[in-house]
Amino acid sequence: MSKKLYDGLESKEINRIKKKSQVQFVLSHLFKNRLAVAGILFLSIMIISSIAIGFLVDYKVIVKHDLRNKLLGVSARYWFGTDGFGRNLFYRIIYGARISLMIGFVSVAGSTVLGGTIGSIAGYYGGKLDIIIMRFIDIQMAIPSTLFAICIVSVLGTGITNLLLAIMIADIPQFALIFRSSVMSVKNSEFVEAARSNGCSTYRIIFRHILPNCMGPIIVQATLNLGGVILTAASLSFIGLGVMPPTPEWGVILTEGQEYMRDFPTLVIFPGLAIMLTVLACNFIGDGLRDALDPKLK
Amino acid sequence: MNGNPLLEIEDLFTVYNTEIGVVKAINGISLQLREGMTLGLVGETGAGKTTTALSIMRLLPEKTGKVIKGAIKFEGKNLLDLDEFEMEKIRGKEISMIFQDPLSSLNPIMTVADQIEEVLMIHQSDKKKKSYNFLQNSQLFLRSNTKIERKTDEILELVGISSDRKREFPHQFSGGMKQRVSIAMALICNPKLIIADEPTTALDVTIQAQVIEIMEKLKQQLNTAMILITHDLGIVASICDEIAIMYAGEIIEFGTVEDIFDRNKKHHPYTQGLFDSIPRLDDDKPRLKPIRGLMPDPTDLPASCKFHPRCDFCMDICTKQNPLPLKEQMHMIRCHLYSGSKEL
Amino acid sequence: MENVLIKTVDLKKYFKTPKGLLHAVDGVNITVESGKTLGVVGESGCGKSTLGRLVLRLIEPTSGEVLLKDQNILKYNSREMKKYRLHMQMIFQDPYASLNPRMSVTDIIAEPLIANNLCKNQKEKNEKVKELMDIVGLAQRYSNSYPHELDGGRRQRIGVARALAVDPDFIVCDEPVSALDVSIQAQILNLLMDLQDQQKIAYLFITHDLSVVKHISQTIVIMYLGQCIEEVSNKELFHNPLHPYTQALLSAIPIPDLSSRKHPRYIIKGEVTSPIEPEPGCRFRTRCPHATTSCIGRDIPLFEVEKNHKVACVLFER
Ligand SMILES: Nc1ncnc2c1ncn2[C@@H]1O[C@H](COP(=O)(O)OP(=O)(O)OP(=O)(O)O)[C@@H](O)[C@H]1O
Ligand SMILES: Nc1ncnc2c1ncn2[C@@H]1O[C@H](COP(=O)(O)OP(=O)(O)OP(=O)(O)O)[C@@H](O)[C@H]1O
Ligand SMILES: [Mg+2]
Ligand SMILES: [Mg+2]
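From first to last, the protein sequence lines stand for chains A, B and C. First residue of the first sequence: 8, per this note's numbering; consecutive thereafter. First residue of the second sequence: 2, per this note's numbering; consecutive thereafter. First residue of the third sequence: 13, per this note's numbering; consecutive thereafter.
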């Protein structure tokens, strides 16, 4: 059985090529993109400092009113000054990153998984199931997602959990659509048929053969959405439908600063910058990933 | 011999920069193609045929593929100097390409008719020197809708697909039908030069004959020139005027069909091997005779003759020096076997 | 015919299309003997790949039976079907599309082993893969490569190795060499023939290239628009083709020398019958030089003209 049939040079070739795995490959391309690297750096600093602040500074300090020190300017003690209640704005913004990023990551992960499941089922099985699912998605797509989130929050009530749920549900159709179209364009390919003829189960076909081939657009969409979600969360909190004061969420900080905007513009500029830079960082990473995952590069 | 030179390739070098090193895909090829002529480009997988075509079309993968030396002159203009906008005007209208892989050149979620109509519309709106104004385009679309549809039906019938089936998606077509659709898309714009990358591999002989006939008609009526990339020497024999045989990014033999197919003339040992490995109808031996071994690693090509590790006539000099081309009129061979004499 | 491995009985597959039912495979009876090769030849779009998929039950037929050693596999449930798949594998037409671009060579070849729980641990898997790569002549250094880094010939070898992984008795080869150049094609064909000698594998060899089929198969079936129109032994086909379509097919082969340039190419004239709800009658009649009124109105069955030579044409009806 193991007799060599082929009379070529093939076996004489030495194993001299050391190969990178695909993950390494994508990362090495990502790191060549300056903007993406800047985005990654910024987000990492945000994440690390927001975690560190939990150990370095007592939460009470962050929320406790200290009216003697209110509305101080930028100084060595208060890097971003203090707000209308005398709290350290820098601490609040860094601590706020915790909440904003948590909302962002959890809700994007949730909507990817849920939307992915729905979309993959619709795309893989097709037929009537697909039509039914798609009609529901069409209906939801007709409502702008921020508006949709507002509706859900008004029904469920405010609070971090509800905000998270609302944003997650509002984003499901987008992911379902992407998963559906990627699955549809991959499922008719010959290698999927080959997998079936090899006796792979449906589960294995979807998870091992189809989904890895659609990961590119999905990862990109997820990073891009991360920015959008942080923005939505901030705006919902800003209009009083999301996180409630005194929790230091960026939207909340903005609302609180709004009163003093004319005389103390730093109170809105700093949280505004935090939101803007984070969203920008997510978009840069998303764009970088899009290029790095482009199969034409290989 | 008719026609002025349409396409001239001068000493072209193309590489791919990859993780595992620099892939030297094309190593100095020079070609000339006159109007109305058909050039056959023959060679093993990995010889660099597709890369040659992509270099001409300027469609090499952006980040990895690169022309490092040489010139590609189309009607006197060096294509390598044009900017992307000028190149877009040439692609599809002056030069069109039939891609090797029909699956990846068709959009899986658009019907076949939509894809052909799209090409027609872009072409038409351009011909009338209309700018890409969305409104204008849509008006044009309304007016000539039926005309475009008729043209689509016509072109599909031409490649042997009944127009009943144009509203289907690519995955509902068989392998050969997809290939025919991509041929149809390349033909509709009446280009001056067609680059056909293995256009007939999935087609059976009767349809192959039809497709070849369409191409020949085109060649006669519109004086279209063609570069036909193929490994089917039968097709090469029936429609090409000139043949270039490629190996590891070099042209190792070039000549008119008469030169190449005349078995009494001198040939490169690789050409000989190619002819020997064709399964023949008039021969009853079941075992075929492939050329032994495989193409050398393109990241690490020998500096001497690239074919020597597989050559049955390998001599000492073959491992040391790259042979120079030897010419006799059109016929050119690069091989040390014949380098004793000044001419072939 | 004592050694029948696979047999189809009146196999049909109709696809729904916007314009009506498309008769992709319409009443095909074929027999594959163990250790032998049955060649299937026909025009592009005539239903060859569909037939191959039906035999492996990758798609469900509209009607008909597929018998594996007299067992109708269409009656099997999915668990029994999984067992049956171990006997039969497929090699695909397109070496580019049939390999998962995100899996390494080792993973691709090991996939059937893992899917069917045929190897107990990692070590056993790696050994088996190594053995398979040796058999098909792929150097070990490619074991961690991805398909897009390899050329067509090596990719098709991966496809062959994957099909061999479960020790099948029967392989459907769907145009395994048509995308490869002649010298690689010869290598793969030789490999397939050697494997048949050593492991007694039966092939259903689908191709449009008559010179390839001549080298590899004992019996040849010619298909036209979903129907089998001639079934003949290898020798007979090239010496005595009977059906007008077969004759046209043979005369259209481009010959790799210059003699073909002198006399004009033979091109079948006439409208191609649409495969969508065709009327009963010979489907080639619109392009046939010998067509008469007797070709219309009823389907023409296969007649045995001589031993091992059947044809479906009124010209030979007794
Ligand atoms: N995108 C790419 N990145 C890296 N190397 C490539 C790429 N495309 C082609 N190559 C390499 O360049 C060489 C020439 O490839 P090319 O596709 O031009 O060959 P070909 O003659 O068209 O072969 P085939 O008959 O298989 O189509 C090969 O060694 C191939 O591996
Ligand atoms: N999933 C599908 N849905 C609808 N029609 C299909 C589907 N698959 C195949 N067909 C049709 O069935 C017919 C036979 O297709 P098949 O792929 O079997 O042809 P083939 O003989 O393999 O051709 P080729 O030599 O070009 O590969 C074609 O007309 C094709 O369009
Ligand atoms: Mg190529
Ligand atoms: Mg097919």
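Keep in mind that the hints were calculated from the coordinates and are not lab data. Check before you lean on any hint, since a few could be wrong.
Not everything, but these chain A residues come out facing chain B in the computed CB check (under 8 Å) [what the hints assert, rightly or not]:
1. Ser192
2. Asn195
3. Met222
Negatives, chain C to chain A, calculated, CB over 10 Å [what the hints assert, rightly or not]:
4. Arg65
5. Ser110
6. Met115
7. Asn128
Calculated cross-link-like contacts (lysine to aspartate or glutamate; reagent style EDC-like; alpha-carbon spacing at most 16 Å) [stated by the list, open to error]:
8. B/Lys290 to C/Asp206
9. B/Lys266 to C/Asp206
10. C/Lys95 to C/Asp179
11. C/Lys94 to A/Glu200
Note that the structure is predicted; figures quoted are calculated from it, not measured. Don't be surprised by glycine CBs; every beta carbon is placed ideally from N, CA and C.
Hint check:
1. Ser192: This hint holds: serine 192 of chain A lies near chain B, its Cβ roughly 5 Å from the closest one there, short of 8 Å.
2. Asn195: Since the shortest Cβ distance to chain B is 4 Å, the answer is holds.
3. Met222: violated, 18 Å
4. Arg65: Label violated. Min Cβ-Cβ 8 Å, cutoff 10 Å.
5. Ser110: Non-interface label on serine 110 of chain C violated, nearest chain A Cβ at 4 Å vs cutoff 10 Å.
6. Met115: violated, 8 Å
7. Asn128: At about 5 Å from chain A, asparagine 128 of chain C fails to clear the 10 Å cut-off, so the statement is violated.
8. B/Lys290 to C/Asp206: Cα-Cα ~14 Å, so holds.
9. B/Lys266 to C/Asp206: violated, 35 Å
10. C/Lys95 to C/Asp179: Since the Cα atoms of lysine 95 of chain C and aspartate 179 of chain C sit roughly 12 Å apart, the hinted pair holds (cutoff 16 Å).
11. C/Lys94 to A/Glu200: holds, 14 Å
Comparing the model with each numbered hint stated earlier shows that hints 3, 4, 5, 6, 7, 9 do not hold.
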